[in-house]
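Okay, here's what each chain looks like letter by letter:
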Amino acid sequence: MIQVSEVSKRYGDTVVVDGVSLRIPARGITTIIGPNGAGKSTLLSMISRLLPMSAGTVTVDGMDVTRSDSKELAKRLAILRQDNHLPLRLTVRDLIAFGRYPHSGGRPTMEDKAHIDRAIDYLNLNALADRFLDELSGGQRQRAFIAMVLCQDTDYVLLDEPLNNLDMRNAVDMMKLLRRAADELHKTVVLVLHDINFASCYSDRIVAMRAGKVAYQGAPEELIRSEILSDLYQLDMAVHEIGGQRICVYYR
Amino acid sequence: MPADIRPGLRLALLGALALVCIVAFMALGANGNWSFVLPFRGAKLAVMVLVAYAIAVSSVLFQTITHNRILTPAIMGFDALYILIQASIVLGLGLDPLGNHDNAALKFAAEVVLMTGFAYLLFRFLFTGAVQSLHLMMLVGIVFGLLFRSLSSFIVRLIDPNEFVVLQDRMFASFNTTKNELLLVSVLAIAAASLVAWRLRHRYDVLALGRDMAVNLGIDYRRTIMLTLMLIAVMVSVSTALVGPVIFFGLLVSNLGYLTAGTDRHRLVLPAAVLWAIVFLVGGQTLLERVLSLNATVSVVIEFVGGLLFLFLVTRKTQR
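Chains as they are written, first to last, in the numbering used here: chain U, 13 to 264; chain W, -10 to 309.
In case anyone wonders, no lab produced these hints; they're calculated from the structure.
Incorrect hints may appear among the rest.
[Said to hold, decoys possible] To give a feel for the contact side, a few chain U residues facing chain W, derived at Cβ under 8 angstroms:
{"#": "1", "residue": "SER60"}
{"#": "2", "residue": "LEU62"}
{"#": "3", "residue": "PRO64"}
{"#": "4", "residue": "LEU85"}
{"#": "5", "residue": "GLY118"}
{"#": "6", "residue": "THR121"}
{"#": "7", "residue": "MET122"}
{"#": "8", "residue": "ALA126"}
{"#": "9", "residue": "ILE259"}
Ideal Cβ placement from N, Cα and C applies to all residues, glycine included.
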């Protein structure tokens, strides 16, 4: 369980995240949605200790993220931010192998190698495993990074806009994979998504943020409603139920 | 892993080339006068190898923790700072601390602490997110270098001419005037720093992925950076104390190192950079002294080539 208590982030006089308290239960997919500048990514970065917070605490399974041993945390929680650009010449397999660093300390054992192969399989990267990252398309590279994070084999997986750079087919594959990771491997997946329909179709819980605060939270069927979303995004949004999925229409 | 074989072979060839340079430096024109040649050239060789090693390793580590391949400690003004510290010591305390060899280790330690402190301040200012542009960082480095050099020359005008002569010796790069009394302290300092760096080599591979990835993978980022800055300060102090400042040499050998290693693993990049540094310094000195019979210092040639590479890297970066 991730417990966020009164967490704030200020840059000078600008408050980006404003006293957010949130409980993210273990297992399943929790998606954070909201308009640009709502503080979603900032919150995710603070939960994963990438960004120091101005106030408040975050605990993961009872461990305070700012005080606990970083290496122990790395075995429980993995984070992938958006725009992963590496100036390095690395093969896909080398990158994925870095996911084992918290466990192996740089000296991979046979067990680590098995984890690496499994992650490559899981993301269907076998054909690309020995290619260099700079030779891949944006979508393939994104999959390689996700494989690295899964290879880290943590209970908590935090992804900031994992569907960036992915076309529709790859986006669906990615969401199905995260669903499988949550259902079969019992991971706790926390996502920041912009595509509201993916959030609606794949999440167990949705947290809606606006202006640095949690505006709404709950199951998709409670949250994906015309009046709530219209208020959240300040945009007329219709919600239709099509084939058992709640789909938002807002294009015109 | 099969991917490791070819870089391994390249490294071996480079090692052989470095060895040839060393043998040529020791043997060419010796005329069988070994009892004189061995200790004389041996000391010079030891200094050159030590400096080559210190500059190569400090440059690669600096580039790893700053996540770029253009900045080096020398370009950021670390060498100039060392000179400024030297000048300030002479101004404040006179020549005694410099001349008194018993204090060499103590003085060295004090200098390293000062250097690390400055490096940390610079680092906090530049690399914790406030400044993102590489060009801005380069500019800051060059301005700092200029400031330190100007301050040093200002101090030089204030001190006694006799003290100035001693100091001047330290302010210009030269591989001809060796300072044997510093050699032992230097070897010990470098060995200790290397031991720490070698133990951290896997961590450096992870650090090269960027701050976010490194933190995600459980690296204690701030502590590792601090420790590394300390190692770099030790190495820069040693190389500057032994031969004086050389600005573009580190850039040259680190980039050749990346090219030769063909990967970003530090266990391959670091040896490759060190070997290239030895080839350039020892080989260059041999060529100038013995083959071309020139008295020019090899540092001038190295700065020329390294400066060209610097310009090339900067303009290529801009085009992208």
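Right, here's what the structure says about each hint:
{"no.": "1", "hint": "SER60", "result": "holds, 7 angstroms"}
{"no.": "2", "hint": "LEU62", "result": "holds, 5 angstroms"}
{"no.": "3", "hint": "PRO64", "result": "violated, 10 angstroms"}
{"no.": "4", "hint": "LEU85", "result": "holds, 7 angstroms"}
{"no.": "5", "hint": "GLY118", "result": "holds, 3 angstroms"}
{"no.": "6", "hint": "THR121", "result": "violated, 14 angstroms"}
{"no.": "7", "hint": "MET122", "result": "violated, 14 angstroms"}
{"no.": "8", "hint": "ALA126", "result": "violated, 16 angstroms"}
{"no.": "9", "hint": "ILE259", "result": "violated, 34 angstroms"}
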